[in-house]
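Asks: Below, each chain spelled out in residue letters.
Number of protein chains: 2
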Amino acid sequence: MIVINTLLEMRKWIARKRKEGCSIGLVPTMGYLHEGHLSLVKKACRENDVVVMSIFVNPLQFGPREDYAAYPRDPAKDSQLAQEAGVDVIFSPSVLEMYPQYPPQTTVEVKEITRYLCGASRPGHFTGVATVVLKLFNIVTPDTAYFGQKDYQQAQVIRQMADDLNINVGICTVPIVREADGLAMSSRNTYLSPAERQQALCLSQALMICRKQYEEGERNSAQLKEAMKERIRKEPCVQLEYLEICDQQSLQSIPEATGSALVAVAVKIGKTRLIDNILLEEKQHV
Amino acid sequence: MIVINTLLEMRKWIARKRKEGCSIGLVPTMGYLHEGHLSLVKKACRENDVVVMSIFVNPLQFGPREDYAAYPRDPAKDSQLAQEAGVDVIFSPSVLEMYPQYPPQTTVEVKEITRYLCGASRPGHFTGVATVVLKLFNIVTPDTAYFGQKDYQQAQVIRQMADDLNINVGICTVPIVREADGLAMSSRNTYLSPAERQQALCLSQALMICRKQYEEGERNSAQLKEAMKERIRKEPCVQLEYLEICDQQSLQSIPEATGSALVAVAVKIGKTRLIDNILLEEKQHV
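Chains as they are written, first to last, in the working numbering: chain A, 11 to 296; chain B, 11 to 296.
Hints in this document: simulated from the structure, not taken from any laboratory. In this text the structure is predicted, and so the values were computed from the model without any measurement. Every residue gets a Cβ at the ideal spot worked out from N, C-alpha and C, and that includes glycine. Hints should not be assumed to be uniformly reliable.
With a straight-line Cα cutoff of 25 Å, these simulated SDA-like cross-link-like pairs (lysine to any residue) come out [to be verified]:
id, chain 1, residue 1, chain 2, residue 2
1, A, Lys121, B, Ala25
2, B, Lys121, A, Asn176
3, A, Lys278, A, Ala130
4, B, Lys22, A, Asp173
5, B, Lys22, A, Lys244
6, A, Lys22, B, Thr151
7, B, Lys29, A, Asp59
8, A, Lys244, A, Ala205
9, B, Lys121, A, Ala205
10, B, Lys121, A, Gly73
11, B, Lys27, A, Asp173
12, B, Lys293, B, Lys281
13, A, Lys244, A, Ser260
14, A, Lys22, B, Lys27
15, B, Lys121, A, Ile264
16, A, Lys29, B, Thr151
17, A, Lys244, A, Ser270
18, A, Lys121, B, Glu107
19, B, Lys121, A, Lys293
20, B, Lys29, A, Leu18
21, B, Lys22, A, Cys32
22, A, Lys121, B, Pro74
23, B, Lys281, B, Glu107
24, A, Lys29, B, Lys222
25, A, Lys27, B, Leu211
Which chain B residues stay away from chain A? Per the calculated CB distances, all over 10 Å, these [unchecked claim]:
id, residue
26, Val13
27, Lys53
28, Pro110
29, Gln111
30, Pro114
31, Glu119
32, Glu122
33, Ala140
34, Leu144
35, Thr151
36, Asp174
37, Asn178
38, Arg207
39, Gln223
40, Gln249
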């Protein structure tokens, strides 16, 4: 595995691999790797000849009062984990390399689908995400790019952007990886104190309550949400940011969880913002 | 020469040419071709193995009170002219093919450089231009794309977008082609009545007055602009929209036309909006 820090070197490496006829998988990350990232790498390795992992904490997707400076970084450990998982190249550019002028004059705006969920609570966030992902696509020119389902809305924004801009990159989402007790893996889990870590379980547990009620036949969104809120309210340090049951495509709220639904939740525990989600699918009766 | 109307066919043709090792030039147009367009084609033919001309009147770059519906179209004559000039493929998609959802959720915004000149008088125009050009780049994947200098700001916006988004396409601008009497070639010239056509000469003549004063040593922008305005004021039906002397890179107004300056003018003659420009360059003394 090699580490590349410049656009020029990255483009050269890609051109060489393309000449050899290799298919290319891209796993865009902000580093501080966990099993969730590694599951993306494993899928990318199965489906491509070579796999590039980008590690770039993208300032453009952080709000002014968010945790850009504090975002956890551990390049040495990331290298080791990426290599073990089968990554061929870590592409880890500096902010100056990615944004010679900051903020950049050009951004990619995705409307409608960004009005909901994290888009509503983090204005500008998905503009930053879409812009940096398009830049990475243009630099790495992958056949397929891999995104975690934990950031469900992010993956949908990228899909929408790819459709709208005729970007010839396959977008693949990979299921959430959870700790043994159910907490969705996230680099931000490292912020949690032991007490907060315990209370953070209310996210996955609320979602499990929702799934159980759904499997028992409940479809009313208000009912399902109330059951989840009841679980979350038990934790004194957990502040609910949003809890929505929405259409998997448009992300618009739906009053009944019929068809294909997304249940998405965001909370703050102390200063740490955590998100989680599940997909509910009507079983197809053949 | 062939005409392709679908993204799928266009991508297939490009993939075939890429396999053959061809370099690809793209000339994006809105059709109703004139000598200006053909000069782009000629340059593209000299520099590439194959040349794609896109013909697409892009609704996204027209304001609600602009001339989208009335914009002149003549596909049969365009085909003939394009073929004679050496175009290999005309890519002429429908609006539905380019925008399955209209307006699209995703747009490309270029800030700063779009605050001036046409960007100031046509809000949203350059968002429409940048978005459609990026789509065309993603579909055709050209090595180089060719733009006319008459739309100087447009070419600069595309350059800025390409830089900011790491788009691997060379951007080439080609000098303005003029009628024998000096009028810059434009598809919109067809709107002009004979009387308006005569008055339209004030654009190029004002710019020639500017160049003459500049060559005689005048550098003061207010002075140069006043001389041009005097010429334009002579025409009763010509309404000045803007007249600026600005930096060629940033497009910001400059009080003295030193270094590399752009002199840009936009007018309305009746209902017809026309633009023109010249570049002023300090001679390099070796």
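Asks: Indicate, hint by hint, whether the structure satisfies it.
Replies: Comparing the hints with the structure gives:
no. : hint                 : verdict
1   : A:Lys121 to B:Ala25  : violated (31 Å)
2   : B:Lys121 to A:Asn176 : holds (22 Å)
3   : A:Lys278 to A:Ala130 : holds (15 Å)
4   : B:Lys22 to A:Asp173  : holds (18 Å)
5   : B:Lys22 to A:Lys244  : violated (58 Å)
6   : A:Lys22 to B:Thr151  : holds (18 Å)
7   : B:Lys29 to A:Asp59   : holds (19 Å)
8   : A:Lys244 to A:Ala205 : holds (14 Å)
9   : B:Lys121 to A:Ala205 : violated (46 Å)
10  : B:Lys121 to A:Gly73  : holds (19 Å)
11  : B:Lys27 to A:Asp173  : holds (24 Å)
12  : B:Lys293 to B:Lys281 : violated (39 Å)
13  : A:Lys244 to A:Ser260 : violated (31 Å)
14  : A:Lys22 to B:Lys27   : holds (22 Å)
15  : B:Lys121 to A:Ile264 : violated (36 Å)
16  : A:Lys29 to B:Thr151  : holds (17 Å)
17  : A:Lys244 to A:Ser270 : violated (29 Å)
18  : A:Lys121 to B:Glu107 : holds (20 Å)
19  : B:Lys121 to A:Lys293 : violated (47 Å)
20  : B:Lys29 to A:Leu18   : holds (24 Å)
21  : B:Lys22 to A:Cys32   : holds (19 Å)
22  : A:Lys121 to B:Pro74  : holds (20 Å)
23  : B:Lys281 to B:Glu107 : violated (30 Å)
24  : A:Lys29 to B:Lys222  : violated (53 Å)
25  : A:Lys27 to B:Leu211  : violated (55 Å)
26  : Val13                : holds (19 Å)
27  : Lys53                : holds (25 Å)
28  : Pro110               : violated (8 Å)
29  : Gln111               : violated (8 Å)
30  : Pro114               : violated (5 Å)
31  : Glu119               : violated (5 Å)
32  : Glu122               : violated (5 Å)
33  : Ala140               : violated (7 Å)
34  : Leu144               : violated (6 Å)
35  : Thr151               : violated (8 Å)
36  : Asp174               : violated (4 Å)
37  : Asn178               : violated (6 Å)
38  : Arg207               : holds (37 Å)
39  : Gln223               : holds (33 Å)
40  : Gln249               : holds (31 Å)
Of the numbered hints given earlier, the model fails hints 1, 5, 9, 12, 13, 15, 17, 19, 23, 24, 25, 28, 29, 30, 31, 32, 33, 34, 35, 36 and 37; all others are met.
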